[in-house]
Amino acid sequence: MNTFSVSRLTLALAFGVTLSACSSTPADQKPSTQAAPGTASRPVLSADEAKNFLPASYFQSLNPNAAAWTPAAIAAPAQPDFVVGPAGTQGVTHTTIQAAVDAAIARHSDRRQFIAIMPGEYTGTVYVPAAPGALTLYGTGEKPLDVKISQAIDSEMDVTSWRHLVNPAGKYMPGKTGVVYVRQLPEQAYRHRRRDVLCGLLVAE
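Numbered as in the working numbering, the sequence shown ends at 453 without a single skipped number.
In case anyone wonders, no lab produced these hints; they're calculated from the structure. Each hint can be trusted.
Derived pair list, reagent style DSBU-like, types lysine-lysine, alpha-carbon separation capped at 30 angstroms:
no.	residue 1	residue 2
1	Lys299	Lys391
2	Lys391	Lys278
3	Lys278	Lys396
4	Lys299	Lys278
5	Lys396	Lys299
Please build the complete structure, drawing on both the sequences and the hints.
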């Protein structure tokens with residue numbers, strides 16, 4: 249009888265701990281409670297629709313009989329080629345992501361180079377041009393959300409305002425990797441009424 253009472257108490261305590269753990273789970277880590285089709289203002293994909301956004305769909309071959317491309321995972325090195333973070337922090341080589349990308353491109357290396365990005369929010373655009381070799385940019389935080397790269401851009405802004413926002417300090421100047429991008433992209437977007445070019449292709453090419 250005593251054993252049964254202790255067991256019930258143990259079960260109750262365990263259940264309480266489980267509830268406590270669930271309630272302390274961050275909102276961004278909890279399973280979604282949304283269900284298709286959602287609402288007019290916030291539609292939700294069905295399971296069949298969501299399949300189109302899985303890696304197997306993104307990497308499918310142009311040959312219908314071939315399997316989807318499955319790239320091998322890239323392991324971060326013990327010592328990256330460049331480190332982006334606050335000025336004065338030990339190991340930091342650049343304070344902006346674009347500066348690190350420019351330095352990597354300037355090496356003209358045919359091997360993969362690694363750029364580690366310390367936790368924080370980095371405001372501004374990042375332009376990665378076509379070049380020999382390959383670049384891997386990765387965050388050093390515990391979670392993907394620890395590193396944020398953002399730039400608020402209005403799709404209705406004119407070319408002059410867009411250039412001022414994207415290139416306020418002249419980081420894309422003659423001799424820099426993004427100068428052609430800054431000069432030509434706005435005209436191309438407005439010539440073809442492609443607002444998606446102004447927003448969607450801003451981060452990388």
